[in-house]
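Following the hints, complete the assembly by docking chain V onto the known chain U.
Protein chains in written order, with the numbering used here: chain U, 183 to 467; chain V, 2 to 130.
To be clear, the hints were calculated from the coordinates, so they are not data collected in a lab. Be careful, since some hints might not be right.
[To be verified] One side only, chain U facing chain V, incomplete, derived with CB under 8 Å:
1. D187
2. F191
3. F193
4. A194
5. T198
6. W200
7. L201
8. L204
9. A208
10. T227
11. L229
12. R233
13. I237
Keep in mind it's a predicted model, so treat the numbers as computed, not measured. Ideal Cβ positions, reconstructed from N, Cα and C, are used throughout, including at glycine.
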Amino acid sequence: MDIVDGLLFGFAGLSTIWLAYLVFKASIRPGWPLLLLIVFWVLLTYLLLPRLHRIMTGVYVPGYFIGRARTSDGLLGDPVNLALRGHEAQIHTAMTRAGWIRADDLSLRTGLRIFRSTLSRRSYHEAPVSPLHLFDRQQDFAYQQEVAGSPSKRHHVRFWRCPEGWMLPGGYSVDWLAAGTYDKSVGLSLFTLQVTHKIEEDTDIERDYIVETAKKGSPEIEVDVIENFSTGYHSRNGGGDLIITDGNLPIIDVRYVDVQKIAKDWGSWELRCSCSSYRSSTPSN
Amino acid sequence: MGIALFLFFLPIQYAQQLNIEGGRPALIIGGSVVAFISLIDIGLAVAVFTGRNWARILLMLSCVLTTTTAFIGNANRSEAVTLATSLPTVGLSIMVLLALSSNRARQYAVRGRHTPKRIAGRPYEQAAI
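Extracted from the complex, chain U is given alone in its bound form (with noise of 0.2 Å):
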């Protein structure tokens, strides 16, 4: 970052520090002042806590892998527990033939459809999942399953391509790292006091069932398993929830997945679609 981006960055949270103070002096007293403690707790969780999270931690979190996804404020997210090795194309058929939809991108177009599924209470089964950051970017793909009746319960699974030639602590080598979590209710952040969904501290229920429903959809799926690969993390994830693991860390090998079979067998558009770009990046026989 320029050193000019870098000090309006700083002094942007220091005047939202100030703003928010304003904001909150104006507010306490009698009448219809005390309805702008609205106005200041939106300014101190979507604005200057956010501002400040990234500050910090830009400061004192390191930027390369250590397990954990970062949300956007620079926390540390969800624990990576999951590795995958293959092909995008067969992931994404894997994943569909085990039952999970992908997720949308966040844009305002989705955004708009989250707002209007929700006032409607109609389900969204391709909502958008909040970004997370690996590798200093965010996912490439989510997939999601939705609980049936609940809004606030869903599973979810992130997935990052990992860096060309880039292997796990302890030289493995995987194609792509992802980080699933099961959704339990709706709440508020520890750490930035927005709305946000808690999760199952489990993580490793969550990560058993991605591998149980992807090998069950897809019988020639090999999965090794590292084990006690993050042991220590028992830790919080970003929204403050606490995560607890026995440390393993499967990897699913969707190499055997037969992309083109499965595309012309069911005709699926999306994955002929997937078929074409996996085509163009294996050796013909």
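Structure of chain V alone, referenced to chain U:
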């Protein structure tokens, strides 16, 4: 811009009631200055929208100026920042500053300024760490 138009077309009798030193000519000069500044701000906003980084920096600096002036005025009690005075303007300036200084705004403004390093065999992907 609205303030400028208001000052330009304010009927003479109301202008007299406002008891502004210098009368209507002062109003026209004041309106012209406000209109000029508004036009610059609108121009900068359009330039920011089209991804000009210099415009983003200039707009942020103008917000820094507004905020600092208000802070000093509030600190030495020459003009307290309250709801009835300049709190809405200062609040807006700080929010514009927050938005334009965010990483996403910066990425939007500097996109295409540097040619990303390509990886052999992966023509459409940027080099990762």
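For each hint, the structure was consulted:
{"no.": "1", "hint": "D187", "verdict": "holds (6 Å)"}
{"no.": "2", "hint": "F191", "verdict": "holds (5 Å)"}
{"no.": "3", "hint": "F193", "verdict": "holds (6 Å)"}
{"no.": "4", "hint": "A194", "verdict": "holds (4 Å)"}
{"no.": "5", "hint": "T198", "verdict": "holds (6 Å)"}
{"no.": "6", "hint": "W200", "verdict": "holds (7 Å)"}
{"no.": "7", "hint": "L201", "verdict": "holds (5 Å)"}
{"no.": "8", "hint": "L204", "verdict": "holds (6 Å)"}
{"no.": "9", "hint": "A208", "verdict": "holds (5 Å)"}
{"no.": "10", "hint": "T227", "verdict": "violated (13 Å)"}
{"no.": "11", "hint": "L229", "verdict": "holds (6 Å)"}
{"no.": "12", "hint": "R233", "verdict": "holds (7 Å)"}
{"no.": "13", "hint": "I237", "verdict": "violated (11 Å)"}
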